[in-house]
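Asks: As a plain string of letters, each chain reads:
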Amino acid sequence: MSINCPSPQALCDLLELFIGFFIFPEKELYEEINQGNIDLLIKELSQKAGLPIKSEFQAIPLNYAGWIDSYNRCFLGVEKPFAPPVESVYKVWTQDESFQLPFKNQKGYLMGDSAQHIQHILDYFGLVVPAEYSLMPDHLIILLELLIFLLDNNLEKEAKQLCIDHFDWLPDLQMAIANLATDGEIYIYALEILGKIIKGFVNNPSYTDSRSVQD
Amino acid sequence: MQAMTRRSFLKAGAATTATLAITKNLKMDFNVYAQDAKSAELIKIPSLCNGCSTYCGVWAYVKNGRLWKIEGNEVHMKSRGHLCARGHGIAQNVYNPGRITQPMKRVDNKNNFKPISWEEAFQEIGEKMQDIVEEYGGDKMVWACHGGKETYAKQFMDVIGSSTYITHYTTCFTAKTNIWSNMAGGMFYADFDNAKLMLFVGRNYAGGILPAAMKRITAAKEKGSKIIVVDPRFCELATIADEWIPIRPGTDLAFFLGLAHTLITEGLYNKEFVEEYVYGFDEFWMHNKDFDAEKAAAICGIGADKIREIARLLGENAPNAFLEPGYHGLAAHYQNSNEIMMMNVIINALIGNFWKKGGIFPAATSSLGAPEPTYYGPIAPEGVRADGAGVAGQYPLVEPSRGIPQRIPDMIEKGKARIVFFYSYNPLRSAPEPEYQKKIKNADLVVSIPYDWNETSYYTADYILPENHYLERAESPKVVNGHIYWPAAQIAARFKALQASDDSLALLDILKGITTAYGIENLYGYTVEEEMEAALAPLGISVKELQEKGCIELRPTVLPKEEGLSFNTFTKKIEFSIGAWRKEGYLGVPTWVPPLVVPREKNEFRLIHGKQPWHSHIMTTNNPYLMAITAEKNGTFMWMNSSRADELGIREGDLVTITSDIATKQINVHVTEGLHPECVWLPSTYGTFSEKLKLGYDKGINYNDFIPARVDEKTGHVMGQECIVTITKG
Chain A
1 MSINCPSPQA LCDLLELFIG FFIFPEKELY EEINQGNIDL LIKELSQKAG LPIKSEFQAI
61 PLNYAGWIDS YNRCFLGVEK PFAPPVESVY KVWTQDESFQ LPFKNQKGYL MGDSAQHIQH
121 ILDYFGLVVP AEYSLMPDHL IILLELLIFL LDNNLEKEAK QLCIDHFDWL PDLQMAIANL
181 ATDGEIYIYA LEILGKIIKG FVNNPSYTDS RSVQD
Chain B
216 MQAMTRRSFL KAGAATTATL AITKNLKMDF NVYAQDAKSA ELIKIPSLCN GCSTYCGVWA
276 YVKNGRLWKI EGNEVHMKSR GHLCARGHGI AQNVYNPGRI TQPMKRVDNK NNFKPISWEE
336 AFQEIGEKMQ DIVEEYGGDK MVWACHGGKE TYAKQFMDVI GSSTYITHYT TCFTAKTNIW
396 SNMAGGMFYA DFDNAKLMLF VGRNYAGGIL PAAMKRITAA KEKGSKIIVV DPRFCELATI
456 ADEWIPIRPG TDLAFFLGLA HTLITEGLYN KEFVEEYVYG FDEFWMHNKD FDAEKAAAIC
516 GIGADKIREI ARLLGENAPN AFLEPGYHGL AAHYQNSNEI MMMNVIINAL IGNFWKKGGI
576 FPAATSSLGA PEPTYYGPIA PEGVRADGAG VAGQYPLVEP SRGIPQRIPD MIEKGKARIV
636 FFYSYNPLRS APEPEYQKKI KNADLVVSIP YDWNETSYYT ADYILPENHY LERAESPKVV
696 NGHIYWPAAQ IAARFKALQA SDDSLALLDI LKGITTAYGI ENLYGYTVEE EMEAALAPLG
756 ISVKELQEKG CIELRPTVLP KEEGLSFNTF TKKIEFSIGA WRKEGYLGVP TWVPPLVVPR
816 EKNEFRLIHG KQPWHSHIMT TNNPYLMAIT AEKNGTFMWM NSSRADELGI REGDLVTITS
876 DIATKQINVH VTEGLHPECV WLPSTYGTFS EKLKLGYDKG INYNDFIPAR VDEKTGHVMG
936 QECIVTITKG
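Respectively, the protein sequence lines represent chains A and B.
Counting from 1, one number per residue, gives the positions in the first sequence under my numbering.
Counting from 216, one number per residue, gives the positions in the second sequence under my numbering.
Certain hints may be false.
[Said to hold, decoys possible] Taking lysine-lysine pairs in the DSS-like style, the calculated list, with each CA pair at most 25 Å apart, reads:
| no. | chain 1 | residue 1 | chain 2 | residue 2 |
| --- | --- | --- | --- | --- |
| 1 | A | Lys27 | B | Lys329 |
| 2 | A | Lys27 | B | Lys320 |
| 3 | B | Lys242 | A | Lys107 |
| 4 | B | Lys325 | B | Lys654 |
| 5 | B | Lys284 | A | Lys104 |
| 6 | B | Lys629 | B | Lys656 |
[Stated by the list, open to error] Chain A is faced by these chain B residues, among others (derived, beta-carbon under 8 Å):
| no. | residue |
| --- | --- |
| 7 | Arg281 |
| 8 | Asn311 |
| 9 | Phe328 |
The hints are simulated quantities; they were obtained by calculation from the structure and are not laboratory data.
The beta-carbon is built from N, C-alpha and C at its ideal position, and this holds for glycine as well.
Just chain B, with the same shape it has in the complex (with noise of 0.2 Å):
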């Protein structure tokens, strides 16, 4: 037999016949290679974190091209120079080995796969794409993303035809935005320092960290600011508040309905704001006037004194006091949560707090430069949504932006989706009901974009094509503004921080490769450096500036002001009355929904969620460093309340069995009584079932096990903590 083909991995640089002979530039002994790299110079890169989507400013000491320290860019305004645990777990993921780090290629049906190089995947993918796009038309193609941070796909999009660009949002948000944008014309942020009252509900800034608004919260409670928490669970912001209020869980809007009625029947709120600045103010009270605290009280369990005590407070307190916009528990998964979001709208407005020291604030924000246009072909006319939403009859009010992921497998069984991109996202894990998920898989064509063995992936993809992580990149420069108030936006990028190969691919080299490969000729026709310029150009700045500084802050542009308030809605007034939902048909104004389920037997629960200071929901599970925190902490236990857990016989660390109607599982108690009676608790991040992520995998359950893949009319959210459970011991 003749020797086999010889293969060839390595290729021969320009230099490979020139530098044969041996010369002491080589250190071939590696002890003397160890020894001599010990006295490498240290240098500083900046970058963003990408551990969730705060994006905090970081900076990455490098040696020999090796991440040696990461650390808080010090003038960033979400990390003012620290980092949360998942910050540090992430940075260090770059060297985990269970990240994917080659093209794959599913091969059978038992999810096997084959490495592949980038060409044969840009070529496949590119081939395939092209005679289903030929077939049924561009507009059957999706891209499913985290959102917030990609601006690259929607180009490729426009040329085929595309219209269905879908974020995760309407499992995490979309009401609050949606509900933010139509009323107030965007929305408003909290300013912790000069807040004499703060009111959380529903949000856990040390739950979902933000490492500067901690910081700047504890900072104004030390000033003598009055923190309180209203939550089922004794989150961890409740451990520094001045009160924590356990609420029952699907009734805040009830608690809500209670603050408004006392501010204005008793004349707390702000009259001459409300005259002002509010359109609607009468209509929402004609529908609410009978909605008393008593009423309030009987619902959500907190007492009618208490509901007056802090709606006096707040009144009181006015307008250097704020009820907290909330976030992700209560702006996507309850039937109410669209009512929710408008009454927190409606009680900061009614408490005059708009643009107030200690009140609300717009985002202060700034326009940046981008590239010439390179792409002057054909373009195909924009296809109709595969996910209705936007669309007059199916889901009207939803946000387009944003979209409707967690029916993509509908959208596939109608023919209205065949090619499906995930980037960054992960449907199969963060989207309700899995098993349904899993019908991803049977698009004409699968293409995930992530950078670990996330489920989605590995269940459904036919191809897989690795991100690099996010310190082996550049990216164009970003905005820093959001979460919290700021007076002034920054500008922060992502700079190449470790050494990887000049090949190791970006979106931007991976979508050019697939572009390229379909057929349309320099849709990307620059680099990042070149994006990088171009989107700096009209701020003065220089790439070089930027590197050096991390973050650099604009002049403040939103400040306190007393009078000439605009707000970006049709009547350039806060709106208590939604004229789009007029339009369709509904009340324009919030009034009491009642939540879709509710637990009624010894043994039913309602299951609620929320994030661990140290993981960001599901994509952080297969990290050694975050995970040994879990095993530290039991931090896969669902919480039970004493009482009810004794009720049941059920002891801390017991084993019980939790169903819903679509499934069973099995997972350890945390006892305490440090929530509500009527629900139990699961931390949002585990569950992992690839097989892939193994430091993840089997550990924990999680919420969207439990629940359907429902759409809220309105706003598409997937009403994820309406779902009661029956927990049984054992």
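Looking at chain A on its own, in the form it has when it is part of the complex (with noise of 0.2 Å):
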């Protein structure tokens, strides 16, 4: 499929290939990068998405235990501090100043705005959150199934909106990663794909909607 003719299902695809990254490592996706077959993967679906990303997740030094160890202390908080993949944490937690909490204008709660709003949407299409992530309907893996499903239901305006409202963050969790004091090279540089494609999606004209995402 040529750029000028993206592949919804490609980029659905691509976006899925993605969750793998932020779930609890798995043996065979830590083989697929190994052998450079992600790095393949990512190419061939990117180009038939009409995004086309050259990755090099092939050259990360990665030996699964370390990569479970990098898990846990990123996502989990083995070490203080850790980063947790979920929007609310990066964004002040609520816009409505009438809010008696001490904590409103701060960041770094789960539950903010940015999560009442994915509920809303969520809520909406008659979505239903498994129980393990209902304090976290914005955590990362979550808003890219919403995004996924919107791109399968033809709602490619809303995916973008969606983009543009909940994928802002990204730069900032890398950075927390970046920060912390384990390696979390994977996680990095897997933020900095799935924000090229995003960015890419968006500007896309050939998706539905032309408003673009600020750098």
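Got two chains here, each in a separate frame; can you build the complex from them with the hints?
Replies: Encoded structure:
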């Protein structure tokens, strides 16, 4: 498929692949990375999606046990501080000044306005977050699933709005991981590539809408 | 390469396919949604605070499913419209990303975990339990919890044949409840409002805060009540006292014996009350008639004249006076804690203040209903307790309802415990000797049900099943009473205040999942809403009414009375001599018992500890607001008497090394005249060593690091302040 005629299905598959980076490390994905297959797949899918991207995951020095360590320390908080991949944590908790809580204007908390908004969208479409993610409807993997859902259902305008409103914090997450005293290179790199895909999608006029994401 | 298999975290609800058309109800633009959300309605939902075991009544104000404000319930006897700092902090913890948000499974020996689904967790735990129970028996299961609030586990234990239900109380106040139950038939509580004299010994209501208690104590003081605080430390309550008397730590028993001697020899005690309502007075007096104020003074460091003065004040103001029954410090932490508690009963009895205005009263209580049983399957024979509590030949006098939590590693090593559940309990930090407690990991199966990444979960659990926040769940109603005198029982409950998934799990849901996976069908065949209805039915209160009012006070049932007193003991009297002790070959009455250890060298101190007003022992150290107060007040510092500090060349803020037989740590020092010279004092909160509790990690040190996991042979307590440490600068 050419760049001028992008495949939403390929984009969905591409985004789907990135979910794998933000759940507990799977041996299958690890082996595919090491064999260079993930880079090939990203190249293939991104071309089909009309957002050609070259990745070099294979070049990241990684062993499976180390990846598990990294996941625990980056996302579960084995070391202090940690960097949960949850949008609310990186944004001011609420814009509603009437709240009487001392942290209302601070970052670093769950279930902020962004989580409420995502929950509203999920509710509208009748989508249910599993119990394990009930406190984090704006967890990165839920956001990616929601984005895929919108694209799967030809709601590209809504998908772009979702990207504009809810994927702008990825650089903050990258920085938070970079500041940790642990090796989070795999995640920093995955976020970099994911950010390019999101930006490419929003800026690609072939996907219905022409609004752009600012750097 | 093919695209990898699609994972699916989002589940399509029933309405999904029908609602793909975009309507104006969808606010896809965040700014539009956020603006619209500001106009949402504010609602008010009652709950019970979880900041400490007081469980104050609260109102949660909620907007769009999120906490908007928290305040104390105006009717609830513990809060009376007020909340302490930890109450506010704990409420806000609901949005702390450090909480555990999904079940975890240990994956290696490096304390790494893998998030798993609830279904996976239940299935794996259920299957592992089946294997263990089949091979070793159900009596090898231990349930260890904070105690006092959960009511579900025993049903599970009854079915599989386990009797080892253990609470944390031996590290807190087990001598008090054991002794008061034996001598007076139950606990009694102080009537602050009408007391002319209040004597607090080892009890700091302004540190271990009950908001309503402090309000009433200060109101009584304004009306003219005299307050005397006897404590090695100039504690927060001492700041409002008429008199603070620093006592040599570990010698409160001598002080009490001196008080009793003066009351008796000077004829200040209530002879009529003693004759009518006391059993064993003569036996007590026979063993203690030589322990006069002078002898007491030589031991406790309080002058004989002062001891006699206080005894006379008690006698003059009786019965509108009390020796407050005490709590943590004296009730579980000295070799003579049992005798201290016995003397507390005796002194109050000598001044005849039971059921008297300004004296002490039992708790008003009431009965709640329960759902009909829903399980009719097989029940295994009850096994022997793994901890030996209440077991002949082991710890026959320890209350089985409390248990002995500090020796769980021994039970595991001896094969008496193979499956260990921890519910809202963290012995690796709250029990003595953490390195020893880490051996809990050797159990065949360890399951922890915490709220955050506490040490026990992090270092020992095979599975971590996080319980939801207290504002996210409803719970069956509770009878509100205890801690302080209140003439009427109250009824209050937690209602679900905050938006969370309907699948977000409370303990009832967790136990339903585990028992079902284990193969027990319908053990908890009711919802929490049905449980609430059943509980309230006998009282004629509807769930709706309780939710609207938050807390309902029943008619007063415990009021002052002059005659016809009856105590829930064998003789129906207050028993100065404990029959159960005599049966086991002990003397039934208290006599002087010296503390287990005594500091002797220039750099030796007794290590004591206590609560800070803004923390609840170890459970609040990961709270950003409470830790901000700690930072502002140098709250992790260890207190040391200024004269002793001078002798050692130690100045305010200096770093010192503190060493006991089992540990060496470093901490900064607060130099003060407000502490007895023989001891150093540590706040009980700090020393978090779970790396996952990022705010509390490595802040300060904890007294439990320095003490071995001992067991008092009578009531099972830990003797946590029987610890000598050496202090060196640097």
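Asks: Please name the hints from earlier in the document that this structure breaks, with their numbers sorted from lowest to highest.
Replies: none
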